[in-house]
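Enquirer: In case you want the letters, here they are:
Protein chains: 2
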Amino acid sequence: MSRYWSNLIKNIEPYTPGEQPDDKKYIKLNTNENPYPPSPRVIEAVKRVANESLKLYPSTTCDELKSAIAWHYGIEKEQVFVGNGSDEVLAFSFMAFFNPGRHILFPDITYSFYPVYSSLFNIDYRLIPLDDDFSVTVEGFCRDNGGIVIANPNAPTGKYLPLESIEKILQCNSGSVVIIDEAYIDFGGESALKLVNEYPNLLIIQTVSKSRSLAGLRVGYAMGHKELILGLGRVKNSINSYTLDRIALAGAVEAFRDEACFRENCQKIIRTRENAVTRLKAMNFSVIDSKANFVFISHPSICAETLLQRLRERGILVRYFNKPRIDNYIRVSIGSDDEMDIALKAMEEIILLQ
Amino acid sequence: MSRYWSNLIKNIEPYTPGEQPDDKKYIKLNTNENPYPPSPRVIEAVKRVANESLKLYPSTTCDELKSAIAWHYGIEKEQVFVGNGSDEVLAFSFMAFFNPGRHILFPDITYSFYPVYSSLFNIDYRLIPLDDDFSVTVEGFCRDNGGIVIANPNAPTGKYLPLESIEKILQCNSGSVVIIDEAYIDFGGESALKLVNEYPNLLIIQTVSKSRSLAGLRVGYAMGHKELILGLGRVKNSINSYTLDRIALAGAVEAFRDEACFRENCQKIIRTRENAVTRLKAMNFSVIDSKANFVFISHPSICAETLLQRLRERGILVRYFNKPRIDNYIRVSIGSDDEMDIALKAMEEIILLQ
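If you're matching them up, the sequences are chains A and B in order. Counting in the working numbering, the first sequence runs from 65 upward without gaps. Counting in the working numbering, the second sequence runs from 65 upward without gaps.
Bear in mind the hints are in silico, worked out from the structure with no lab data behind them. Note that the structure is a prediction, hence the values are computed from the model and not measured. Treat the hints with care, as some may be off.
Computed list of lysine-lysine pairs in DSS-like fashion (alpha-carbon distance at most 30 Å, straight line) [claimed, not checked]:
1. A:LYS111 - B:LYS74
2. B:LYS141 - A:LYS88
3. B:LYS409 - B:LYS387
4. B:LYS74 - A:LYS74
5. B:LYS332 - A:LYS290
Beta-carbon label-pair distances, calculated as ranges [as the list claims (entries may be wrong)]:
6. B:ARG376 - A:GLY165: 26 to 32 Å
7. B:SER238 - A:GLY165: 31 to 37 Å
8. B:CYS206 - A:ARG166: 48 to 54 Å
9. B:ARG105 - A:SER131: 41 to 47 Å
Ideal placement from N, C-alpha and C gives every residue a C-beta, glycine not left out.
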């Protein structure tokens, strides 16, 4: 620790992302990347803007991308905010809508960046326990709060909360902003977007990283009432006028225009997930019901950390979280059919060798 | 204002960037962009990584880019931090090294993002007046403080503070972090980098936006003692694990490898600036001595706002800041020789028509 560090960073525990090793070729089922390539239209657009215009700043308003997103979802451009990945959009949302001195609520098991943002921006929080089958409970979120964050489907469980429950939570929280983090919504869930014109306190956050195969491009977005969007703009314009480079902007626009590619890749992943779930259950794994591009699994005869290690020795990366209630689970991203076949066969062998 | 906004954003006044109009073709001398294209090697690198690998997250450590920067400057990779433009790096630095309750110091006339960051992170500040010829004074910065930020060359004046003065400021501030924002250092100033191994409280921030013609790529960087760099990493990893996309990373690496292109473009801009200064002085402009890629000018017979407006009517954009002491100046970015010739002729005509 340095004498020059602020008290803030002396006391914070940063988020740890899944590893991105480059020492050798792994089957990467650890960071929920999409196994299929992005739309060829994205690649073409990126190449097209790789020219002299890079000497100029990007758009500060990102209007073209906002319009493409608004068009895709059938909302107004003024209901869309874009940022450098959904993590940045989440961080900005904590600054824009939550206040120190008013505790916010999120589930005890969820995306581990939420407590980090809370610490960073000095926002107190209460953990609302998921029930025994890892479901978010409506009652838990109908109590005094200064804001709510719910990942739906939840991470790292993959468990989906039906829209009726989201709506009930919105109804009993008209005084605070309810953020629904829908990073994984395209793999079988129904977006809360249809509620966005009814509830001015609803903010939906999504990303092109997962369902649009663009984790490497760093584009996330929020959708909500235009007043919320203006609030996010105030944070962005107090930190960095241009959070998205010219190339990411151009590429992301095409990702929203190629509907067919997006739908097809999502369907493939859903099919692969369902096949994987069947095989995992046959191997006696306990599998949390998932509407995401990953499954969260536990096995009665091998502990999760050992399984993680054995898979790694075979060149297969998965993710493990050493946290209460989930420390005997591993999270396995849904890869291609071939990747999943290799991973599942490896698990069979590892369990047999126990 | 929305009832859902946090107190923070209700009370903040965000930064206003120079406009990026797309209604028609302007001669853009308003945002200090470089008139020359980036290295062809950058363009090639961007095209090379425009492929299926965009489905994967970028490097969290950005080691290749850090190594390229370290190699270019002859320092260690561990002395380099990279971020989404120097604005983001500055914002992270405010969080990493300054504390609420301890006022920081910066000049009364300087980059207008500094007071915005201060408000956003609740850091009190004192404005240290530049002297009558707009120079930073060493004495002003040798007083009690919790941190210092100096742009060198300063913005929007272009005025350069010699390295001896920077060193004196470092010597009388061993207890706090001194940030030297060198966004414009490559246009004739000498970087404080040579002091970096002597002063563990020195943080230098630079960007590829200006001297490397890559405003559209969004890459900034900080150089300093490895403990400071670790501190910046803690902030970044508490906000966004991946602030630089795969394409920006690949492009920026090549920008540091093509030394010849970089040097040549800087030299061209310096020559154009010196020619422009001669002509401006002949037109009776008062011209602040500039070591940046812009000049800050004032004319006795036309007020700055009128000049700005008349230039705009002729398709030439420059920048004006309605602030004490500088509200009769305009800032003119150094364009190509042809652009400057058109702008200077327009100014001659506008003044004649007064």
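Enquirer: For B:LYS141 and A:LYS88, compute the direct alpha-carbon distance and say whether it is at most 30 Å.
Expert: Holds - the C-alpha atoms of A:LYS88 and B:LYS141 are around 22 Å apart, at most 30 Å.
Enquirer: Just to be sure I understand the hint, the distance between the Cβ atoms of B:SER238 and A:GLY165 should be within 31 to 37 Å; is that true here?
Expert: At 36 Å between Cβs, range holds.
Enquirer: Please work out if B:LYS409 and B:LYS387 have their alpha carbons no farther apart than 30 Å.
Expert: 27 Å, holds
Enquirer: Check the hint pairing B:LYS332 with A:LYS290 against an upper bound of 30 Å on the C-alpha distance.
Expert: 46 Å, violated
Enquirer: Please verify whether A:LYS111 and B:LYS74 have alpha carbons no more than 30 Å apart.
Expert: 41 Å, violated
Enquirer: Does the alpha-carbon distance linking B:LYS74 and A:LYS74 stay inside the 30 Å limit?
Expert: 28 Å, holds
Enquirer: Could you tell me whether the CB distance from B:ARG105 to A:SER131 stays inside 41 to 47 Å?
Expert: Given about 33 Å between the Cβ atoms, the range is violated.
Enquirer: So the hint says 26 to 32 Å: do the beta-carbon atoms of B:ARG376 and A:GLY165 match that?
Expert: 46 Å, violated
Enquirer: Using the beta carbons of B:CYS206 and A:ARG166, state whether their distance is inside 48 to 54 Å or not.
Expert: 41 Å, violated
Hints 1, 5, 6, 8, 9 from the earlier list are contradicted by this structure; the remaining hints agree with it.
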